[in-house]
Amino acid sequence: MPTPAKYWREIPQRYRLEANKCTACGKIYFPPRQVCALCGARSFESTRLADKGKLLTYTIIRVPPHQFTDLAPYAVGIVELEDGVRLTAQIVDCSFDELRVGLPVKIEFRRIYEEGKAGIICYGYKFVPE
Amino acid sequence: MVGIVGYGAYIPRNRIKVEEIAKVWGADAPSYKRGLLLEEKSVPSPDQDTVTMAVEATKNALKRAQIDPSRIGAVYIGSESHPYAVKPSGTVLAEAIGATPIAHTADYEFACKAGTEGMFVAYSLVKAGEMEYALAVGADTSQGAPGDALEYSAAAGAASFIFGTQEVLAEILYTHTFMTDTPDFWRREHQYYPRHGGRFTGEPAYFKHIVGAGKGILEKSGLKPGDFKFAVFHQPNGKFPLKAGKMLGFSTNQLMTGLLVNKLGNTYSGSSPLGLTAILDEAQPGDLIFMVSFGSGAGSDAFIFKVTPRIDAVRDLAPKTRFLLEKRKLYLDYGTYAKFRRKIIKAD
Amino acid sequence: MREVAIIGVGLNEKWGELWSKSLREIFTEAALNALDDAGVDKIDAMYVGSMSSGLFVGQEHIGSLLADYLGRTPLPATRIETACASGGAAVRLGFLDIASGMSDVVLVGGVEKMTDVTGAEATFALGTAADQEYEGYHGLTFPGLYALIARAHMEKYGTTREQLAQVAVKNHRHGAKNPVAQFPFEITVEGVLNSVLVADPLRILDCSPITDGAAAAILCTTEIARSLSKPLVKIIGSGQATDCIALAHRQEITWLEAVYQAAKQAYQMANKGPEDIDVLEVHDCFTIAEICVLEALGIVEKGKGGQATEAGWTTIGGKIPVNTSGGLKAKGHPVGATGAAQIVEIVKQLRGEAGERQVEGARIGMAQNMGGTGGSSVVHILARED
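Protein chains in written order, with the numbering used here: chain B, 1 to 130; chain C, 131 to 478; chain W, 479 to 864.
In short, the hints are calculated from the structure, not lab data. Watch out, some of these pointers could steer you wrong.
Claimed, not checked - Cβ-to-Cβ under 10 Å is the rule here; a few derived chain W residues that face chain B: (1) P554; (2) D594; (3) T596; (4) T619; (5) A726.
To be verified - Which bits of chain W does chain B cover? Going by a derived footprint, with three or more residues having C-beta under 8 Å, they are: (6) 597-605; (7) 669-679.
Just so it is clear, CB atoms sit at the ideal spot from N, CA and C, and this is done for glycine as well.
Can you build the whole structure from these sequences, using the hints too?
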């Protein structure tokens, strides 16, 4: 079991979707980067991701990793947000029949998993149909 | 003027009907429906808890308040189902909305009254001039023991209020409180489900304290029940608040807008606060609102609100409570409900 | 750069769930088979690929461990890791070691011992090839990630569920002729379509298995190789490339840019094109992977991988036989060993030693190995010199 540090340092991303934007070419990175992969610049400004988008692709996980045993089966997908950034997360509050490429979704704050019965609770973002 | 500058609600989409629960335990559904005026209740998904609902309700409150969250000086969540036994819920909410690090944070507890406690203190801090804005949330994902009467009503939801002095949409005119040590409903440490005193939870508990706080605030304010457009009380079922209202001199009509329990269930610390959000969704400038909460153990907090013209500008900026209550409901069977509420769990 | 030949190849006896054999034993077995096949005694260096001996058997430092178990310390030995492309990367590093002039004879290979942990732990270990914080954190598994690619490919190009199934059916048809294979039997399209769902639309028979296995090869200068009596097989092209490991960061979810770039380097070095390749081993960790790889290698037109499979292009006897060994699906996928085993199969094909799986007249072969969902790829082109 990792120390809480590993989870805690990603909180700005998990809770507030804090990203950064290259000041030279405008590309947005989530999570934030130290060097722009597109233009090589090293200067960034903080930004936050849009909270709505459309589903690009999805699947339904039926054989889950152990910390998600009780949640399976669950849907996960990649969404293209309104600002053009692509984000991977679960899609919840949605029957599997409703899932389709192009489904409009928005972000909601949810529990992601717990580190066992006695470990910390890890929160983050998921998508719900709009 | 001090009062609410933003309000927001969050209700999970899952529902379970009284009939579905009654079927499993061989109980008589119609008598629950008739006797307690309960039809269905909300059920949180396994990935929802007091904190996640508080965050979403607060995002709605911020949409109405239209303020920079970093100006919020206090963040309080009142619940009887805080996710951790020891580790604050409020800090997660504060991080999620961007109110850290300068925000006084505390988790409140007092059975179902925890939400209004936070409201009481948040309002008082703003009134005292200690801070510009303060946030209080009432949220719960409470449990009812399998087969127990409370299983039909224990539900989940959150209501969030931001208090301030600028652009107030509902001014707080008076507050009051009434409390005694009355063990009507409790949960010991390491117990998964609460216990209660059956009919003892009625007259010596619920009614005594609601009427005590209600009469007290009426006296304090010099107002009469007829002066109010709306009244909302803690809603453990449909019967109790209607009776309490009658005892205080209110008509059923005054209670209908804020009465959500028949479709929502009892959201414990979110109960009267969510009722208040439903009222604010409909209230007009100048309307007076009477609110009394109840928390077992036991006590009640009372508030008198006066709606201002500001309500017209912000009411539609976030989803209305009855919209959240009625939209896209996902009905569960008892098995899925039991799994979601961890009444049944896989072996290790 | 000097020319590099492959003079010996070997696998351990059988791939599958090898309860009684440890990681050290199976690699040593494969390495000894390769050394015996090569008929050389002296080696100058060793590169062994393993995705995660640490997570699977709690053992790191396996370069030294295996050099010792081969009786060859103080041989310089390094464990190479690029997720599921570790074996291919080990081959490349051996190639570069000789091409640079540093070494004359090098042992390359790979090993993975995956059954000493539970299925859930193995799934976790495999999942470390994905982005832990932004894919794994949200509950994505490897089948899940490839399922995202499959859904996107089906949406964009009209690839069908049946076409995916045919990749598995074809690879099992080949694998049925491979005595080392974990699953040496045929399957049917109906069988695939009725198998249990793992991550929609992928089913268990779309997925390569958990396998214990090892593979090794002996590389040397062509000068040394010519002095032996075997047909000379040379590495004429080698390429390696990376791409973002997270699917959401890729330019196109259905396009394997790392495979394209690695292949481009290899084709350029070899002065060959896709039309020159007679036989291929590709990384079919999931059925959709083989389809996307064929497109990125330029073997088929973009989007047409499913149709090409359906039309029978990739079976033995078809236009361009792919995965004559049975691929990862039928032969097995001991992660770090796969890339090296692909080389073993291509060498056998080019030497004319592939028995029932032989592609007639094969003279130029390609091995494509890939890590994660395409975060890395290593491509080699081999040719027989007569």
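Hints, one by one, checked against the model:
1. The restraint placing P554 of chain W at the interface with chain B is violated, with a minimum CB-CB distance near 33 Å, outside the 10 Å limit.
2. Checking D594 of chain W against chain B by beta carbon gives a least distance of about 17 Å; that is not within 10 Å, so the hint is violated.
3. Hint status for T596 of chain W: holds, given a least beta-carbon distance of 9 Å to chain B, under 10 Å.
4. Annotation: interface hint on T619 of chain W holds; nearest CB of chain B at approximately 6 Å, less than 10 Å.
5. Taken as an interface hint, A726 of chain W checks out: its beta carbon lies about 4 Å from the nearest beta carbon of chain B, inside 10 Å.
6. Evaluation of the coverage hint for the segment 597-605 of chain W: fulfilled, as 4 residues show C-beta separations to chain B shorter than 8 Å, against a requirement of three.
7. Here the segment 669-679 of chain W counts 6 residues with a CB under 8 Å from a CB of chain B, which clears the bar of 3, and the coverage holds.
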